[in-house]
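A.B. asks: Here is what each chain is made of, one letter per residue.
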Amino acid sequence: MQYKTDQRDDQAIQSENVVLDIRGLSLEYIMPDQNIHAVVDLNLVARMGKITALVGESGSGKSTVALAVMGIQDKNAVISGGEIYLAGTDILSMPKKYLRAYISNHAGIIFQDPIDSLNPLLTVGEQLVEAILIHKKITKNQARTIALNQLLAVSLTQPGELMKKYPFMLSGGMCQRVMIAIASVFRPPLLIADEPTTALDVTIQAQILHQLDSMRKRDGTAILLITHDLGVVAEIADNVCIMKDGHIVESGTVDDIFYSPQHTYTRQLLAAAL
Amino acid sequence: MMQVKTQAIKRSNAWFHSSDGIINRILTQKAAVFGFVIVALIIIIAITASVIAPNDPLKVNMSMRLKGPSSLYWLGTDNLGRCIASRLIWGARMSLIYSMCVLGLMMAISIPIGLLSGYAGGRIDTFIMRTIDIFLSLPTFLMALAIAGMLEPSVKNMIIAMASVWWAPYARIIRGMAMQIKQQDFMLAAKAAACTHSQIIFRHILRNIAPSIIVMATLEIGSIILAIASFSFIGLGAQPPTPEWGVMLSDSKEFMQTQPQLMIYPGVAIMITVMAFNLLGEGLKNAIQN
Amino acid sequence: MEVLAETLNIRKSYEKQNLFTNKGEQVSAVNGVSLKIQKGRSVGLIGESGSGKSTLGRMMAGLETPTEGQALFRGRSISNISLRKMRPLRRNIQMIFQNSSSVFDMSYTVGESIAEVIENSEKVSKKECLEKIETILEQVGLDALYAQRNPKELSGGQRQRANIARALVLHPEFVVCDEPVSSLDYSLRKQILTLLNDLRNKFGLTYLFITHDLNCVPYVCDIMAIMYAGKIVEQIDLKQNSMQNALHPYTSLLFSCIPAKVPAERKKCTMESVIDTTVIPDSKHCCRFFPRCPCCTERCINEDPVLREVARGHFVACHFVACQIV
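Protein chains in written order, with the working numbering: chain A, 1 to 274; chain B, 1 to 290; chain C, 1 to 326.
Bear in mind the hints are in silico, worked out from the structure with no lab data behind them. A quick note: this is a predicted structure, and the numbers were derived from the prediction, not measured. Fair warning: there could be bad hints in the mix.
Stated by the list, open to error - Mimicking DSS-like on lysine-lysine, the simulated pairs with C-alpha atoms at most 27 Å apart in a straight line are:
#1 C:Lys39 with C:Lys126
#2 C:Lys190 with C:Lys127
#3 C:Lys202 with C:Lys190
#4 C:Lys152 with A:Lys244
#5 C:Lys39 with C:Lys239
#6 C:Lys239 with C:Lys190
#7 C:Lys267 with A:Lys217
#8 A:Lys75 with B:Lys30
#9 C:Lys267 with C:Lys284
#10 A:Lys50 with A:Lys217
#11 B:Lys285 with C:Lys152
#12 A:Lys50 with C:Lys261
#13 C:Lys152 with A:Lys75
#14 C:Lys239 with C:Lys132
#15 C:Lys85 with C:Lys126
#16 C:Lys123 with C:Lys239
#17 B:Lys253 with B:Lys67
#18 C:Lys85 with B:Lys182
#19 A:Lys50 with C:Lys267
#20 C:Lys39 with C:Lys132
#21 A:Lys244 with A:Lys136
#22 B:Lys182 with C:Lys190
#23 C:Lys152 with C:Lys190
#24 A:Lys164 with A:Lys136
#25 C:Lys261 with A:Lys244
#26 C:Lys123 with C:Lys190
#27 A:Lys165 with C:Lys284
#28 A:Lys75 with B:Lys67
#29 C:Lys261 with A:Lys217
#30 A:Lys244 with C:Lys190
Stated by the list, open to error - Selected chain C positions facing chain B (in silico; Cβ < 8 Å):
#31 Leu83
#32 Arg90
#33 Gln94
#34 Phe97
#35 Asn99
#36 Ser107
#37 Glu116
#38 Val117
#39 Asn120
#40 Ser121
Glycine included, every Cβ here is placed at the ideal spot set by N, Cα and C.
Taking the hints into account, I'd like the entire structure generated from these sequences.
C.D. replies: Structure, rendered in structure tokens:
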């Protein structure tokens with residue numbers, strides 16, 4: 001069931017291939033003694049075919065933003081303000097019954113530890129087919145064909161054999177590719193990658209980053225890349241937002257941030273590079 | 001989020017360094033609090049039995065048999081004219097003492113064996129595990145009955161019989177926990193810190209599995225009390241005229257139809273005690289696991 | 001220069017069940033490594049996951065027994081000796097672990113964990129012990145008050161400093177650092193590496209610095225050793241050669257995969273599709289890198305290359321490189 005968007009004539013939402021537009025987002029954790037402001041008045045835009053990097057240390061709140069966009073934040077995390085426009089519609093004011101379907105059709109997410117993200121008791125094939133069948137009412141065989149093609153699309157050879165394997169039989173890099181396959185099976189306009197290569201070796205990291213890069217070139221996916229590694233940012237990002245303690249302290253193109261950083265914190269981060 | 005984490009962590013320190021943490025977590029569970037209160041009451045009753053019991057639990061008075069509740073006999077008298085209330089109160093003491101003895105003996109056997117097996121590994125572990133397998137393949141209750149039956153029926157023999165069979169499942173669980181701890185990185189660090197084997201076992205492994213052992217013990221007391229009552233019921237444990245709840249049940253089985261209260265009182269006492277220990281044990285388990 | 005720690009053709013292998021044929025095969029995590037570490041010349045051991053570097057590090061620290069060969073410390077074997085005989089050596093051989101949160105026993109405070117190390121090796125009074133703890137905590141950049149804290153309360157960076165304090169409190173001669181900065185935030189890495197370097201100079205330590213990040217090497221290492229599939233494939237003395245002169249194809253691959261420092265240095269990456277990484281069993285004699293090597297020759301598939309000196313202080317185990325030099 002299609003949810004009708006509220007037809008506002010706000011330019012920024014409709015134009016310029018904006019896939020994700022976060023405006024003034026504030027999120028608090030409700031704790032027994034006091035509330036913790038994890039995200040404060042955050043503004044962020046992710047565009048089609050571009051990689052936007054959200055950079056910050058641990059504790060800055062960057063992963064919280066990702067979870068909020070996907071609607072899977074903690075139970076005691078309350079969004080106290082702002083709007084999240086995903087493909088033109090504010091998901092924070094959408095009725096709950098349409099929310100899950102809308103988000104899963106328009107966004108996918110991959111996490112840091114690929115082996116933990118997959119169900120250890122199901123084969124890769126079963127998990128991929130399950131993800132496909134949730135989205136579309138097709139037969140299992142049709143789903144299987146799509147799954148095989150999807151595995152090829154993420155550069156995994158011998159997909160037939162791979163479908164029968166369990167996650168523990170695969171290396172970290174292959175698991176991460178399977179995760180990318182599952183998250184992007186129906187080409188969502190937005191892919192959120194929460195520290196996708198932190199747990200991986202440097203050669204595998206290079207391959208995964210290349211994979212993400214070719215996805216955005218081929219399908220025009222907007223990628224929100226969350227990381228604390230400026231090397232990864234320098235390697236593939238187009239736009240960068242620097243986050244500290246729940247605030248965005250600086251944002252701009254990757255050249256702006258690396259060659260003319262304005263904020264002290266950005267300069268500190270750049271100076272701390274090895 | 002860093003502040004979130006540090007603040008959340010401040011409230012849940014290692015329980016050895018701030019017992020408020022664990023007590024706080026127990027207090028938030030109503031059922032556990034209820035269990036704790038009842039257990040505390042039972043322990044107090046058991047300790048002060050000689051003071052609070054209105055009458056001598058062993059004193060037979062045939063002229064006062066099967067009387068109803070009165071100010072002198074709070075719950076009336078049984079078929080031999082003994083004060084039921086006093087017998088229940090003393091029974092609390094008996095049950096607690098016997099079950100603690102069984103528990104103590106069981107743990108004294110299973111903890112060292114489990115730790116040794118889990119830590120040493122290799123052939124020692126295999127040998128101990130096969131022994132445990134043998135014990136586990138026998139029906140524990142019947143085994144205990146058989147042993148108690150072979151020896152002269154008395155409380156001491158019952159305790160020995162139960163502990164000598166019931167230690168096996170615990171040794172296996174403790175072995176599993178020890179093996180799990182052994183995998184962790186801080187074991188390597190302890191080796192790097194030049195710890196001897198016994199230091200590693202006592203300072204690190206035992207200390208880390210102690211909370212789980214306490215939880216297991218608390219949850220087990222209920223079963224032990226029931227088992228003791230069952231043994232006494234069939235005459236293999238405490239012998240009459242000991243004021244033990246199982247014995248009271250046994251004594252009153254002829255009067256089940258005519259004077260059901262004689263069975264109901266000790267039955268309810270057992271039920272409340274077992275339930276209280278189980279609730280407390282569950283509460284501890286939840287508090288420690290979270 | 002005195003040889004501090006050494007391995008003699010050390011090997012650690014295990015039985016791997018081939019999942020398809022159900023046959024057991026011997027596969028080595030460390031496949032015959034002879035590494036010499038001289039006093040004052042820290043060695044950086046670089047490799048990816050599965051290369052065996054952590055296993056080698058643990059064997060050289062005496063925390064794991066090799067299947068074959070030995071690890072020596074000052075000429076004495078530390079590989080198959082009992083815990084009791086190993087104890088007095090512990091004050092000279094220490095290890096800094098990777099995962100700072102799992103390496104502390106959470107039921108003790110930081111101070112108690114450090115005190116354990118001190119008391120096991122030295123007879124000191126309580127007062128002296130506390131003084132030592134305070135001193136080392138200050139030297140690693142932590143306030144002395146942290147001694148009373150539980151490790152759970154510390155942030156990642158602080159915990160790693162506490163980890164370093166624990167390892168270095170007795171001023172050991174030889175320290176194996178197993179990926180000490182890998183689990184830390186990017187911005188903390190430089191601080192911790194600088195700290196490790198300062199302490200190295202202050203206490204006269206020798207490190208075996210295990211990492212997968214080539215960028216860490218210049219901070220603390222004098223010699224760089226690259227490890228692949230259980231063998232050392234290249235070794236460069238950084239005082240006499242530059243890292244950039246690396247010759248082995250695997251080292252070149254590692255260098256090419258390091259992310260750019262600034263956007264202008266972005267590579268037009270032409271990554272090949274995922275390589276099948278099935279582990280090659282010991283029984284097969286070949287260069288373990290051959291499935292991924294662009295310079296693979298006939299000889300590489302049939303013969304194991306050995307480490308050969310190709311320049312002063314520069315050793316490479318590669319048939320292709322050996323041909324080029326000759």
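A.B. asks: Hints the structure violates: just list their numbers, smallest first.
C.D. replies: 1, 2, 9, 14, 16, 21, 22, 26, 28
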